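K.L.:
Taken in order, these protein sequences are the chains called A and B. Position in the first sequence (first residue = 1) + 72 = the working numbering. Position in the second sequence (first residue = 1) + 530 = the working numbering.
FYI, nobody ran anything at the bench for these hints, they're computed from the structure. Please read these numbers as outputs of a predicted model, since none were measured by experiment. No residue lacks a Cβ here, since even glycine has one placed at the ideal position from N, Cα and C.
Facing chain A, according to a computed beta carbon distance under 10 Å, are these residues of chain B, among others:
1. Asp534
2. Leu536
3. Val537
4. Leu540
5. Gln543
6. Thr547
7. Asp618
8. Pro628
9. Arg789
10. Val793
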Amino acid sequence: MHSSPVIEVRGLTRKFRIYKKQPGLTGALKGLFARKYETIVAVDAVSFTIEKGECVGFLGPNGAGKTTMLKMLAGLLHPSTGTASVLGFTPWERKHEYRRQFALLLGQKNQLWWDLPARESLALNGKIYRIPPSEFHRRVDELTELLRVSDKLDVMVRELSLGERMKFELVAALLHQPKVLFLDEPTIGLDVVSQKTVREFLRDYNRRSRTTILLTSHYMSDIEELCDRTIIIDEGRLFFDGPLAEIIDRFAQFRFVTVVLEPGAKLEFADLPFEVVGRLDDEWRLKIARPDFVRVCRNILNRYAVTDLRVEEVSAEEVMRDIFLRACSTPAICSDFDAAQLAPSFAEPSAVL
Amino acid sequence: MSTDWLVFRLGLQNTATYRTNFFFRALFGLIPMIAAIAIWQAIFRSGKEIIAGYTLAQMLSYYLIATVIEMTTTPTEDEWQVATDIKDGTISQFLIRPIDYLRYRFCLFSANRVIYTVVALAPISLIIGWKADYLLPPANGSALIGFACSLALSAVLQFLLVYLTALLAFWVLEISTFSFMLLAAQRLASGEMFPLDLLPRWLHQLLMLTPFPYCMFFPVTVYMGRLDTNTMLQGLGMQAIWIGILFAATRLVWERGLRTFTVVGG
Numbered sequence: 073m074h075s076s077p078v079i080e081v082r083g084l085t086r087k088f089r090i091y092k093k094q095p096g097l098t099g100a101l102k103g104l105f106a107r108k109y110e111t112i113v114a115v116d117a118v119s120f121t122i123e124k125g126e127c128v129g130f131l132g133p134n135g136a137g138k139t140t141m142l143k144m145l146a147g148l149l150h151p152s153t154g155t156a157s158v159l160g161f162t163p164w165e166r167k168h169e170y171r172r173q174f175a176l177l178l179g180q181k182n183q184l185w186w187d188l189p190a191r192e193s194l195a196l197n198g199k200i201y202r203i204p205p206s207e208f209h210r211r212v213d214e215l216t217e218l219l220r221v222s223d224k225l226d227v228m229v230r231e232l233s234l235g236e237r238m239k240f241e242l243v244a245a246l247l248h249q250p251k252v253l254f255l256d257e258p259t260i261g262l263d264v265v266s267q268k269t270v271r272e273f274l275r276d277y278n279r280r281s282r283t284t285i286l287l288t289s290h291y292m293s294d295i296e297e298l299c300d301r302t303i304i305i306d307e308g309r310l311f312f313d314g315p316l317a318e319i320i321d322r323f324a325q326f327r328f329v330t331v332v333l334e335p336g337a338k339l340e341f342a343d344l345p346f347e348v349v350g351r352l353d354d355e356w357r358l359k360i361a362r363p364d365f366v367r368v369c370r371n372i373l374n375r376y377a378v379t380d381l382r383v384e385e386v387s388a389e390e391v392m393r394d395i396f397l398r399a400c401s402t403p404a405i406c407s408d409f410d411a412a413q414l415a416p417s418f419a420e421p422s423a424v425l
Numbered sequence: 531m532s533t534d535w536l537v538f539r540l541g542l543q544n545t546a547t548y549r550t551n552f553f554f555r556a557l558f559g560l561i562p563m564i565a566a567i568a569i570w571q572a573i574f575r576s577g578k579e580i581i582a583g584y585t586l587a588q589m590l591s592y593y594l595i596a597t598v599i600e601m602t603t604t605p606t607e608d609e610w611q612v613a614t615d616i617k618d619g620t621i622s623q624f625l626i627r628p629i630d631y632l633r634y635r636f637c638l639f640s641a642n643r644v645i646y647t648v649v650a651l652a653p654i655s656l657i658i659g660w661k662a663d664y665l666l667p668p669a670n671g672s673a674l675i676g677f678a679c680s681l682a683l684s685a686v687l688q689f690l691l692v693y694l695t696a697l698l699a700f701w702v703l704e705i706s707t708f709s710f711m712l713l714a715a716q717r718l719a720s721g722e723m724f725p726l727d728l729l730p731r732w733l734h735q736l737l738m739l740t741p742f743p744y745c746m747f748f749p750v751t752v753y754m755g756r757l758d759t760n761t762m763l764q765g766l767g768m769q770a771i772w773i774g775i776l777f778a779a780t781r782l783v784w785e786r787g788l789r790t791f792t793v794v795g796g
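So that you can see chain B by itself, here it is in the shape it has in the complex (with noise of 0.2 Å):
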């Protein structure tokens, strides 16, 4: 048994005991969800059958499935985690061992997505299962196997995006404004919210060019099939090319951010 198989093994265990939280928190996030949903049927009550290529069955599935990537991929606890252990000075511990702390936190992150949706599971169900008319299977099977590449890759997106900002924490006293500033800039240009084909063209294809939507929007339209298989290769290039960047920024800013604790003191 690896290291990490144990470290992802102790994180299951530890977040368990959170368990309660995580069943409220995912019970209250689907509130936005809920609205989202209201609204849509509200728009397409008024008489339009297909509004920017969607039907209302399509329109309502896009929410299912983002909430079902955000619940299994978007990291919730990871980010204070981080920046705590960095303010407390708990980073020491990993300093003087051998070990890697991106790949410690990257173990305890699968383990926290785990336990999230395990328990969000319920209160999920219960969404989907109120909806179930309008959920549509994946469009076909290269969709299914894209859509499962681009969760995982979207997974290991969301988690290099968290622990850069909790990075900041080497040299600003409390993250929780820059967090704020990205989970803003990712509720809107991930696609969350909405499907990011509403917008206009050109902004659409210029947040393409941003990590962002490789986060969701780009999984979900894998999904339903909105993609051919070029631009979704494309797509699965584009997150790949994401991480890479990101991998080498959280490495950049590590040695920056130890540099500042080793040497100015932390």
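Here chain A stands alone, though its shape is the one from the complex (with noise of 0.2 Å):
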């Protein structure tokens, strides 16, 4: 028997209104009487479905409408039109039963009280989830332990570092054991070592206690090493749902090549389809579009006496900021830019429900 799914996204659709000032003290002033309002479609009409305990990252760029598509499931937005369902409530209808089984994590806002220590807002989430006094000292010590911040716990929370205050805003989400958890940006703005912590932890936490976990991230550090599954939201739509590696897969272009020639060789061939990137003495660097790949790399093993030869893939990171450019190079196209202009390249199976 099949369990339904956690999360349930069907066409939901989110748009903006906002007020375009037209420029100079002119514009102010007729602002006054005939505003002008402009329409953005922040979210899509997207459609996915969530099982429980997984992990799914949405990638976009600023403004590509990942924080609203979470906004929305936790309740905090209605959408324009569309449905969603997340645990079997109607997460805008924020009841109660609902507010007691996720959390939101919102990186770049604060929730724990600035001037006291991180211990007493944990302590004011412990009294409003109604976690019993023994259960609750039990929690913060396991998750303070893990995040290794449990000897911060009486610092005033504006003395902490941004690490250890997400970290201890992260503690204060999980305290109630959420069974969804969303994540906005969890690691913005952390150096690498906190970052390292906090994914850890997730991964593990998400393992461990079957939480199904929805986070936003630019690190795409983040997404690969956390998230199994990966929607990738633009301009508001769907366009990629599926492992990471697939994008890569499916959106990368080229793969680079390391070639090592004995001493003094030139590489030269006029009629293979390659560019020389870099150039270190006898190592080559060169960029080989994947189609070609094989049979350029075959060419130059039979023509040259080869010493070492290195692949490399195209970084995830790279293959996104490929398809990123690629949907908007420049603000002005981005505005009037329609996913199914690029429908050849990017028509996605999964994407479609």
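Combine the two chains into a complex, taking the hints into account.
P.N.:
Here it is, written out as structure tokens:
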């Protein structure tokens, strides 16, 4: 028997009406009488389902609609059209019963009491979610231990580092053992070490507790390490839903090959399609389009005495940059961008539910 | 220990951080009262024994009691804190948790008042000590009980007025204009600047239909025993009615505001 999905989103659309001020003082005066509004579609007919225990990453450039999506699922925004169900609840009805079962962490917002030690904010959360005291202490100990902040419990929040604060935000969000966890930029602004701690913590937490996690991040490595599944949103539309590796496979157009030749040899092939992107003595770094990859490599190996050869995939980061750049190369084009125009290359079967 | 009690305790700790601010505010907040006392002393020096039913001692007591009421019940930080929560989106933290924001704010308001009272105690005692001869005790036992009740109701009333104004932050970027308007109305109509029975009778009666006199004028007159039992009970009833009305209004405005926040987009 198949249990129903934890999150089910169908045709979710969110439009915003924003006020456009005309430039200068005359513009300001005109604005007093006749305001010009522009409708922005932040999330455009997005559908997907997420099963219990999945960890799904939302990727997309700034303003793609990731945060809007999370806010709708957390019940902070009404959609313009479409439906969503999380744990069987309609999020924007904001039933207390639903509120007890999920958590939302906005990386750029602070939910801890600024002038008090983090311990106090945690205590408040313990009360709000009615966690029994003994259980509360056990969870605080465990979570702060795992995130390596147990010695900072009594430090004023304003005196904590950004990383420590984020870790306490996480502890606060997890105290009531939410079944669904929405994380908006949980690692933003953190140093590499803290990023790694948070990432590893989340991965273990997800595996151990089977908590369903939805997270957005600008750091590709967050998504690569944490999420088995990635949803790419751009201009409000969903255009990819699947494992990150598949995106690379699908959208990476090049591979890089480093060949080490015999001293003094010169790599010259007018007939072969590759580009030399770097050279250090006898080490040549080549950029080869993927359809030509095997042919080019075979030819080089045949004609030269190659002493070493290394192949690199384009990084996920580069692929993303490529995708987003193609999707909106300039702001002007960006606003007129229609994903349908890119359909041949971006048509994604799993996007159509 | 309940959530409310914990919020109150955290509020005490948090507000205590700003005790120096509170101290100076309390200190300089006394200036208008000192001015009022000086003016009334000058007026009474012109020879009249009783003005509008007040002796000099009663008149000065009025201002001293009004100051005590202000110290213990008039919101100070709450308005901009609520408005800021709404404007910067902190309010989201309450919408996703099983907690009621109004109730949470009321606990914090209570904590604010306690800290403020403690901090303001020194400067105010100084003033009261200075005019100790003029501070009359509560008129009688029932006046004291009535005063305690009306003081508590006045606190709730003032909190609701301020909270309601702060909720305007859902629609306007800057609520300070509105708070200023409320403050001006309250200064005049609550009896903070002068006893309302100095006004023409019709105006006084008209004002008694608004919530403002029940914030200050009413508790003072109860303390001074200027009202017979019936009128006092009626006044307490009016306080309760206004609390009911304002509470309903805050609920309505909150719902409306949330709709703006979640439908239009905060």
